[in-house]
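Here is how the chains run, residue by residue.
2 protein chains.
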Amino acid sequence: MKAETRKDEIIKTAAKLFKEKGFSAVTMRDLASAMGMKAASLYNHIKSKQEILKEIIISLAEEFTHGLELIQKSDISSIQKIEEVVKLHVNITSQNTFGMASLNNDWMHLEEKLDYYLELRSNYEEELRQIIADGVKKGEIIDENIEIMLFSILSTLRSLYLWIPKKDYLNPEKLSQELSTVLVKGINKKID
Amino acid sequence: MKAETRKDEIIKTAAKLFKEKGFSAVTMRDLASAMGMKAASLYNHIKSKQEILKEIIISLAEEFTHGLELIQKSDISSIQKIEEVVKLHVNITSQNTFGMASLNNDWMHLEEKLDYYLELRSNYEEELRQIIADGVKKGEIIDENIEIMLFSILSTLRSLYLWIPKKDYLNPEKLSQELSTVLVKGINKKID
DNA sequence: CAAGTAAACTAACAACTGTTAGTTTTTTTA
DNA sequence: TAAAAAAACTAACAGTTGTTAGTTTACTTG
Chain P
1113 MKAETRKDEI IKTAAKLFKE KGFSAVTMRD LASAMGMKAA SLYNHIKSKQ
1163 EILKEIIISL AEEFTHGLEL IQKSDISSIQ KIEEVVKLHV NITSQNTFGM
1213 ASLNNDWMHL EEKLDYYLEL RSNYEEELRQ IIADGVKKGE IIDENIEIML
1263 FSILSTLRSL YLWIPKKDYL NPEKLSQELS TVLVKGINKK ID
Chain R
1113 MKAETRKDEI IKTAAKLFKE KGFSAVTMRD LASAMGMKAA SLYNHIKSKQ
1163 EILKEIIISL AEEFTHGLEL IQKSDISSIQ KIEEVVKLHV NITSQNTFGM
1213 ASLNNDWMHL EEKLDYYLEL RSNYEEELRQ IIADGVKKGE IIDENIEIML
1263 FSILSTLRSL YLWIPKKDYL NPEKLSQELS TVLVKGINKK ID
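Chains P and R, in that order, give the protein sequences. The first sequence begins at 1113 in my numbering and counts up by one. The second sequence begins at 1113 in my numbering and counts up by one.
What the hints contain is simulated information worked out from the structure, not anything from laboratory work. You may find that some hints are simply not true.
Repeated chains share a single entry, so a pair holds when one copy, or any two copies, can fit it.
In silico lysine-lysine, DSSO-like type, Cα no more than 30 Å apart, as pairs [stated by the list, open to error]:
hint	residue 1	residue 2
1	Lys1249	Lys1119
2	Lys1297	Lys1225
3	Lys1124	Lys1150
4	Lys1133	Lys1119
5	Lys1150	Lys1250
6	Lys1124	Lys1278
7	Lys1185	Lys1301
8	Lys1133	Lys1159
9	Lys1128	Lys1279
With the sequences and hints as input, model every part of the structure.
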């Protein structure tokens, strides 16, 4: 754990503002004001507004990519892999709900790093699709439309940043477990 | 069905641009250019940039509110009500994926109509919460955390605007049905 | 075809944008 | 405590923003 630099503080503050109004609507003067300084002073620590966005998004995207790689390799069932993916999202999102807002809504403003981000994202979706497809083949997962199952799970996980701040009385472990139950078993009461 | 006015065309074009870059990043000159005219000419048809956003979002929000009211009143089971809510989202979203992007991401820029929108949204969530709670009480729905079930369903439905354009080979009826299956029954294969 | 209306135009505004250059103040280090 | 480094400042820039005013062009209607 290295100490938090002034740059880190700026990025964290920026992420908070970006979540409230979106990247484009936050000015460098807004950010400076939230930091208690003048806009020009920000440039002693960061290169550009773009760079802030890049730092927020790319580090998160790589965290997801790395996390999924570990899950993919591990020797567990498909359902268990999905449960681990739920944990991955809950953990990363719990630690950085502000950054997750940018990841979800402001990625299109990345410019130079846009292609790299899109590659990470489509690889991520493809790996998760593969986990589901394997589960169907092995008979662990129902033989329904794979795209719909993928979409449903991923939509829920990607929206966590909106809900976790409102329900922070639930700790990450309990949230992961209950969310897995709902996603895997559905909501209907089985008659058995 | 009344004829489409020039104003309607502007709003539709704006919604498309807003989906790509977000409300704040789209300039009136961008919009004018997409309409094949000069920025000043837009003001023959609309009052302000704000008004465009308001027209996009409020009409959609009211459509959802009205739709849910009808479902709420109808004399069907809780699970059937949820299936109808799925249909409601699939239908509205299929007809206006661009507008749904603004509804989800740009509502915070509504200004004068912001409070009204927030009221519609919290009422909507509360009514859906009530449908789920009723289902639990009647034994149709599992006795899990209601907030998590609500969150999971609503997150999936609110993200439809991102997925429907990619999967438009699925017609709304089939999509609604398969999505209901996944949301209600989950993804795991029951051993029976 | 004349008159009225709808819809485009040009030109300009005041405010705001991200960013830079150069300078001063504060904090750390030797 | 002097020197060095970090972090703030003021002033200003060139470009962009939403919007208005006034004018011209195109279409519709009596």
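Report task. Enumerate the violated hints, using their earlier numbering and listing them in ascending order. Result -> 1, 2 and 5
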